[in-house]
Amino acid sequence: MRTTDVAVIGGGPAGLSAAISAASLGAKVTLIDRNDRLGGQLIKQTHMFFGSQKQHASVRGVDISGILEEQLSKYKDNVEVLLNATVLGLYEDGVVTIEQGEEKYFKIKPKAMVIATGASEKVLPFPNNDLPGIYGAGAVQTLMNVYGVAPGDRALMVGAGNIGLIVSYQLMQAGVKVAAIIDAAPKIGGYLVHASKIRRMGVPIYTSYTVKEAIGKDSLEKAVIVQLDEKWQPVPGTERELDVDVMCISIGLSPLAELLWQADCEMKYVPELGGYVPARDEEYQTTVKGIYVAGDVSGVEEASAAMVEGQLAGLCAAKNLGFTSPDFEARRQDCIDQLNTLRSGPVGAKIRAGLEKLLG
Amino acid sequence: MLEKTGIPTEEQLKEVTPSKERLSRGPVAIIECFQEIPCNPCYTSCSTGAIKELVDINEKPEVDFDKCNGCGICISNCPGLAIFVVDESYSEDKALIKLPYEFLPLPEKGDMVKALDRSGQVVGQAEVVKVVNSKAQDRTPVIWIAVDKELSMRVRNIEMGV
Ligand SMILES: Cc1cc2nc3c(=O)[nH]c(=O)nc-3n(C[C@H](O)[C@H](O)[C@H](O)COP(=O)(O)OP(=O)(O)OC[C@H]3O[C@@H](n4cnc5c(N)ncnc54)[C@H](O)[C@@H]3O)c2cc1C
Ligand code: SF4
Ligand code: SF4
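Residue numbers (the working numbering), protein chains in the order written: chain R, 3 to 362; chain G, 323 to 484.
Everything labelled a hint here was simulated from the structure, so no lab data went into it. Watch out, some of these pointers could steer you wrong.
[Said to hold, decoys possible] Simulated crosslink set (DSS-like; lysine-lysine; CA at most 27 Å straight-line):
#1 R/Lys-124 to R/Lys-359
#2 R/Lys-179 to G/Lys-436
#3 R/Lys-56 to G/Lys-374
Using the sequences and the hints, build the whole thing.
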C-alpha cells in the first residue's frame with residue numbers, strides 16, 4: 003500500500019498551508035483535493051482580503067491561492083498532489099480510501115493526517131425553496147467568478163454576513179442588479195465597510211427581514227419578504243414582493259465533518275463555530291492520535307485564520323512524527339500569536355466564545 | 323444607523339472629517355472605517371506615516387491630517403474600499419474627490435458621470451479628471467472626479483451616464 007508521512011485532505015487555504023509547513027520540516031506530504039485545482043474557496047474570491055501582511059491582507063483571494071501554490075512548489079521533491087481525488091473513507095487502522103477520476107480507486111496509509119475539508123452552505127427552509135434560480139451564495143460566486151456565467155438579471159440576497167455582502171458586490175460587478183439584501187438579524191453581520199460599499203451602489207439593506215416564500219412557475223419570478231419583530235416572528239402586513247429571478251442564500255456555513263465522524267473523533271456541538279466541530283488540543287490534534295484539523299472544518303471562520311491554523315497543524319503533525327527545524331518553536335508560537343491577534347477584537351467575540359466552549 | 327443600513331451617521335463622519343481649513347489647503351485622506359476589524363493595510367501602505375500605527379490590528383485607523391499629502395496610495399490597498407481623498411483647493415467652485423471604483427466599463431478622462439451619495443442616490447454630476455489604473459492599484463482603479471464644492475463630503479460613488 004502507498005504510504006506517506008502526512009496526508010493533507012483538502013487543498014484550500016488551510017490544507018495548502020498545512021502541506022507547506024509539514025513539507026518545510028522535511029516530511030513527505032500527500033495533498034489530496036477533490037477539485038481539479040488547488041485553492042478551495044480562494045479560487046472564486048476576487049476581492050481583497052483583510053488581516054495583516056502575514057496573512058496576505060489587501061491581496062485578492064484568488065491571488066493568495068497562487069502565492070500558496072508557489073510556496074508549495076518549493077518542496078516538490080517531498081510533496082505529492084492528488085487532484086480530482088475524493089477521500090471517501092478513513093478507517094480505524096489509519097487507512098485512507100481515495101477515488102480519483104472515475105475509475106481509479108486506491109488506499110494510502112499515512113503516519114499522520116490533517117483534515118482540512120472546509121464547510122458547506124446551510125439551507126433555508128421556506129415554501130418553494132427548490133425553484134430553479136435559488137442558489138447558495140457560494141455556488142453563485144463559483145458560477146460567476148470561476149466559470150464566467152451570470153446567474154440572472156435581478157437578485158435578492160438573503161443574509162448580510164460577509165459572504166452575502168461580498169457576493170452581492172460581485173453580482174453587481176457581473177452586471178446583475180441586486181434588488182435588496184435582507185437579514186433576519188437586527189444588525190448587519192458582515193464587516194460594515196463591505197455594507198457601506200454596497201449601500202453606496204444604491205442597494206438597500208433590510209435588517210430584521212426574512213423570506214416568506216418564493217413564487218414562480220418553472221423558475222423563480224418573485225420573492226416575498228416579511229419583517230420580523232424582536233422575537234423573530236413575522237409581522238403581518240409587512241410583506242413585500244420583489245421581482246427577482248435569482249435568490250442567493252447565505253445564512254452561514256457548517257463544517258464538512260463526515261470524515262471526522264468516520265474516524266471516531268470526538269465531536270462537540272458549538273453553534274458559534276457553525277455546528278458540530280472536532281474536539282482538539284492547542285496543536286489542532288483531535289482526540290484520535292495523528293489526526294489533525296485546520297480551517298473551516300474545525301470551526302467556520304475566515305481564510306486568514308484557516309491559513310494560520312493550517313500552518314500550525316502541519317508543523318505539529320510533522321514535529322510529532324520526529325521532523326523538526328531549529329526555528330520550530332518560534333514558528334509554532336508565531337502561529338498561536340497570529341491567531342490570538344486575529345480573534346482579539348469585537349468581531350472575533352463569537353469565535354472566542356465558541357472556542358471557549360470547545361476547549362473548555 | 324450604520325449597523326442597520328450600511329450608511330454612517332453624521333456624528334461618525336464628523337469624527338473622521340478634517341477641518342475646513344485643512345480641506346481648503348489641499349488633498350487629504352478621509353477614512354470611513356468605523357468598526358474594529360482585524361485589518362491594517364491602510365497603515366502599512368502609507369509611506370508618509372500619516373496613518374497612526376495600528377498597534378492592535380483591530381484598532382480603527384486614524385489619519386494625521388497634517389502628515390497626509392493626499393497621494394491616495396492607501397485607497398487601492400484598503401480591502402474595505404473605505405478610503406477617499408478630498409481636495410477642496412482644486413478650483414474656485416469645484417472639489418476633487420479620489421475614489422475606488424471596481425466596475426466595468428471604466429469611465430474615461432473628460433466623461434461626465436452621475437455623482438452618488440453614501441446611499442447610492444444621485445446628488446449631482448461629476449467630471450472625470452483622471453483614471454489611475456496602474457499595477458500599483460492592482461485592479462482597484464482610483465477615479466478622480468471634480469464635483470461642486472458643497473458636495474465634497476457627500477459624493478462617494480459614481481455611476482456611468484448622466
Ligand atoms: C463568498 C465568500 C467570501 C469570503 N471572503 C473572505 C475574506 O474576504 N477573507 C477571508 O479571510 N475569508 C473569506 N472567506 C472565507 C474563506 O473562504 C474560508 O474561511 C476558507 O476558504 C476556509 O479554508 P479551508 O481551507 O478550511 O476550506 P476550503 O477553502 O473550503 O477548502 C476545502 C477544500 O477541501 C476539499 N475537500 C472537501 N472534502 C474533500 C474530500 N472528501 N476529499 C478531497 N477533498 C475534499 C474541497 O474541494 C476544497 O478544495 C469567504 C468565503 C466565501 C464563501
Ligand atoms: S493619502 Fe497618501 S499620505 Fe495620505 S494617508 Fe493615504 S497613503 Fe498616507
Ligand atoms: S485597510 Fe481599510 S478596511 Fe482595513 S482597517 Fe484600514 S481603512 Fe479599515
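Evaluation of the provided hints:
1. Among the hinted pairs, R/Lys-124 with R/Lys-359 is consistent with the structure: their alpha-carbon atoms are about 22 Å apart, no more than 27 Å.
2. Distance check on the hinted pair: R/Lys-179 and G/Lys-436 sit about 18 Å apart at the alpha-carbon level, within 27 Å; holds.
3. Of the pairs offered as hints, the one joining R/Lys-56 and G/Lys-374 holds, with about 19 Å between alpha carbons and a cut-off of 27 Å not exceeded.
The structure is consistent with each of the numbered hints, conforming to all of them.
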